[in-house]
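Residue numbers (UniProt numbering), protein chains in the order written: chain A, 1 to 341; chain B, 1 to 587.
Please note that a few of the clues may not be correct.
Said to hold, decoys possible - Ranges between beta-carbon positions, derived for each pair: (1) Ile22/A - Lys343/B: 52 to 60 angstroms; (2) Asn454/B - Val64/A: 49 to 57 angstroms; (3) Gln11/A - Asp345/B: 32 to 40 angstroms.
As the list claims (entries may be wrong) - Subject to a maximum C-alpha distance of 30 angstroms in a straight line, what follows is the list of computed BS3-like cross-link-like pairs (lysine-lysine): (4) Lys94/A - Lys244/B; (5) Lys90/B - Lys71/A; (6) Lys244/B - Lys93/A; (7) Lys408/B - Lys447/B; (8) Lys343/B - Lys408/B; (9) Lys163/B - Lys90/B; (10) Lys424/B - Lys94/A; (11) Lys447/B - Lys586/B; (12) Lys424/B - Lys343/B; (13) Lys456/B - Lys343/B; (14) Lys127/A - Lys94/A; (15) Lys101/B - Lys343/B.
To be clear, the hints were calculated from the coordinates, so they are not data collected in a lab. Model, not experiment: these values are computed from the prediction. Every residue, glycine too, gets a C-beta built ideally from N, C-alpha and C.
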Amino acid sequence: MLGFLVRRLLQLPFVLFAVSLIIVGLLQLLTPAQRAAAFVRSEQQLQNIDQIIEQYNLDENFVVQYTTWLKQVLQGNLGFSTSSKEPVLTTIKKRLPVSAELALYAFFPIVGFGIWLGTLAAVNRDKLIDQLVRILAIMGWSLPTFVFGIWLLAWVYGGLGLFGIGRLSNEYLIELAAGGFTQYTGLMTLDALLNGRLDIFWDALMHLVMPVLTLTVVSGAQIMRVMRSSLLDELGKDYVRTARAKGLSERVVNLKHARRNALIPVITLAGLMFAFLLNGVVVTETIFNYPGIGQWAAQAAVQLDVPAVLGFAMLTAVIVVLANILVDILYAVVDPRIRYD
Amino acid sequence: MKQASVKRFLTPLAVAGLALGGAFAASDSDTFVHLTFGNVDTLDPAQAYDTASGYILENIYETLYTYKKGSLTEYEPLLATSYEVSEDGKTYTYTLRKGVKFHSGNEFTCRDVEYSIERLLVTNPADSAGWFYAESLLGVSGNAKDVLGEDASDAEYDAFWEKIDNAVECLDDYTVQFNLVAPDPAFFAKMMYTAASIVDSKWAIEHGAWSGTKADWRDWIGVDLRQFDLHTAASGTGAYRLVKWDGKDVVAERFEDYWGEKPQIKNVLVSVVDEESARIEALRQGDADRITVNDRAVLETQIRGIPGVKVWEDPAWAPAAATAVQFNFNISGQDNPLIGSGKLDGKGIPPDFFTDPDVRKGFAYAIDQDALVDELFLGKAVKLTMPLPPSFLGYDEELPIYNLDLDKAEEHLRKAWGGQVWEKGFELTIAYNTGNTIRQTVAEMIKANIEALNPKFKVNVVGLQWPDFLSKSRDKQLPIAILGWGADYADPDNFIYTFFHTNGFFASRNSFSNPEMDALVEEARTTIDPEKRAELYSRIGQLGYELVPYVTIPVPSPFIVTRDNIEGVYYNPMYSGRFLWKHIVKK
Chain A
1 MLGFLVRRLL QLPFVLFAVS LIIVGLLQLL TPAQRAAAFV RSEQQLQNID QIIEQYNLDE
61 NFVVQYTTWL KQVLQGNLGF STSSKEPVLT TIKKRLPVSA ELALYAFFPI VGFGIWLGTL
121 AAVNRDKLID QLVRILAIMG WSLPTFVFGI WLLAWVYGGL GLFGIGRLSN EYLIELAAGG
181 FTQYTGLMTL DALLNGRLDI FWDALMHLVM PVLTLTVVSG AQIMRVMRSS LLDELGKDYV
241 RTARAKGLSE RVVNLKHARR NALIPVITLA GLMFAFLLNG VVVTETIFNY PGIGQWAAQA
301 AVQLDVPAVL GFAMLTAVIV VLANILVDIL YAVVDPRIRY D
Chain B
1 MKQASVKRFL TPLAVAGLAL GGAFAASDSD TFVHLTFGNV DTLDPAQAYD TASGYILENI
61 YETLYTYKKG SLTEYEPLLA TSYEVSEDGK TYTYTLRKGV KFHSGNEFTC RDVEYSIERL
121 LVTNPADSAG WFYAESLLGV SGNAKDVLGE DASDAEYDAF WEKIDNAVEC LDDYTVQFNL
181 VAPDPAFFAK MMYTAASIVD SKWAIEHGAW SGTKADWRDW IGVDLRQFDL HTAASGTGAY
241 RLVKWDGKDV VAERFEDYWG EKPQIKNVLV SVVDEESARI EALRQGDADR ITVNDRAVLE
301 TQIRGIPGVK VWEDPAWAPA AATAVQFNFN ISGQDNPLIG SGKLDGKGIP PDFFTDPDVR
361 KGFAYAIDQD ALVDELFLGK AVKLTMPLPP SFLGYDEELP IYNLDLDKAE EHLRKAWGGQ
421 VWEKGFELTI AYNTGNTIRQ TVAEMIKANI EALNPKFKVN VVGLQWPDFL SKSRDKQLPI
481 AILGWGADYA DPDNFIYTFF HTNGFFASRN SFSNPEMDAL VEEARTTIDP EKRAELYSRI
541 GQLGYELVPY VTIPVPSPFI VTRDNIEGVY YNPMYSGRFL WKHIVKK
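All chains should be modelled from the sequences, with the hints used to inform the complete structure.
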């Protein structure tokens, strides 16, 4: 297992190199004047485009630009983000924990509901409950995040006055800006507990409700569908028939035997989903003004913020590689027949 | 047993309900929360050149003078108490206020003024507002590197430094003198823009900024100031002190040692919330005291009528901006699909298509100004007679304007290019930056009306992403550009020179040049007497009407949206936030 881990981790630098090369290469398709758009915020500044190109060396060739960037990276500096107005690394450090917190809170309901409802549908195949779950899955699957999110925003927050947008209420944002609250992990709920502030913990939790609910409804449907079909597959296999013939209860057959095997494709999907959540969920973060990494990445891409796009791509590559390793490990846990040595 | 479990279930719910109510009550009476869009670019006054940054800077820093609340023609002293202009209009002397403290606790003196303005001239990065200070004080628009080039000798750089050093002089601790290269009636207005905010020199130097001396000035020429401490931290003299800007939200608090009247609002939170619906719902809930809304349709359909919300508007309010349909007299023809064949053969236009005044007038009469006011701005807009904000000196509302008249449009286009335009027809493309619905509508309107005149006329409308639009615009490839200018400072020259002088930004890009116009613009920009100036601008407006290098489009009437317990709101287009926090009260 250790050998497997080392081998997989050694691939990481190559992945990062390839990804960065592709992105810098793609950016060469833009002219220096197009790249200057990252620095031009008003039409007044159109008159200074030539000076801007010169000031920020936007007319340098591919090799010079890439090696300059690479040198910086090797010194631990990912460059300055023109969209977040600070060094890329600072933004990642600030925003990754925000997305991670949202991902952690959303992941368990997504996977939990997905597996539970998927199982319920499969074991009650073609019965009313199955039909209901399937309708629910189709609704969740086809419901655009922004439609459901805006609906929650208008109805639950705007109409009922429940929960809130952003990460914290205004008074806590002001209090935190003044200092006196230590950010140990960047996960607001955890930090609040470590600071002994139950009020902030509760407030942060309440601000997580709407984004988590949105993600659960929209992403849970995918897990549910995969779980249902995978379990149906397993239930039709010989070993299940044997187990039933041995007189085992339906519950034991379904849950202990079939469901365990049906989980393999669900784990793959869940792993990718976690990577996706960790990487920031642009629409959800934007609607609820949740200052995660996805919101920033989307702005950076639109504004042609090259160092930010590169930094974000590096981060994505690391997350995806690590998530895949985790998925492979989980395979072995669920199915002891799987070995990597 | 059953009862107990129900109770066990209900208790946390009740607690949760109570806590929910508590957590989301409307913001405190001494806190002002503004939800807006568009991130602050930088808090360094010498680098900032955008409204989001200007909004924060105008509240935490101060200039020598400022506008009297909503007026553009009346001023009040801030860090100065009086000023004098020499007879030749080239020397401005300000007497400074005594007993003013910076947020750091340092005392304010002339040294800070000298440092702040010289720092602006030394650094003057390409994407800052430094150019218009350099124009007045040094007679050039760029920094030393732009002007002299990298290879210039040390002596040339020394001479440039001398010019900077002599531009601002402290006569004593509380008297500062600015030495201009030529009379510039706009200088006083320029000194009210946030770039001329006075920074705490002692504190800035301690925080790694330029030393204020010749010793290291060359290290600071044209540098990107976002890499240094003043980008995120500030010590000004404003009524509010910066608590924190985390790259997104800004928190400020009342400066208790402020020299002026103590404001009522204690804490201010300016938060960037890109999603408009989220801003509106927060306003409805009282979680926001003010929200930024740009589109009147959104105001009318989604906001007006929300209980507890107040919409501030006044027919006298007008934005300090002008947008115009600009005709390019010399379109770049190289690889330019926007002009088709590049010839007058019915499949394109020649690069000098718009040099014929009949072509321009034909297009001008195809723009329905009334329809734009009614449909685009729901009747709340002002038609401009010239590319100058109506509240500015010299704006003449009596001048004629081009409005929809298809007969006249036909008459001019029949005459254009000796009748060839009408006979052969043409094809051209109008590009707008994607997302700008106003420009899109104007372009579509021109298309519909021009194509209705003659089946041989073809106008394509295409949306371009900002980088692409920018690049085509810079390369002079747009046959017709719909572009606007927002005021840097409240002086007509900022608009008139830009639009009409051969070397002005828009005029030079559109290759528009007229000697009579140049002479008038030059005379107006150096005339000190306001009445005489106003008369000159009126003549410029009239000549602009006759020459039609541009057709201005209506400007929407502005409005401000707050909760109804906010009082003291006014509208000054020169303030990025339209009003200062220190003037408002929350009941």
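Are there hints from earlier that the structure breaks, and if so, what are their numbers? 1, 3, 5, 10, 11, 14, 15
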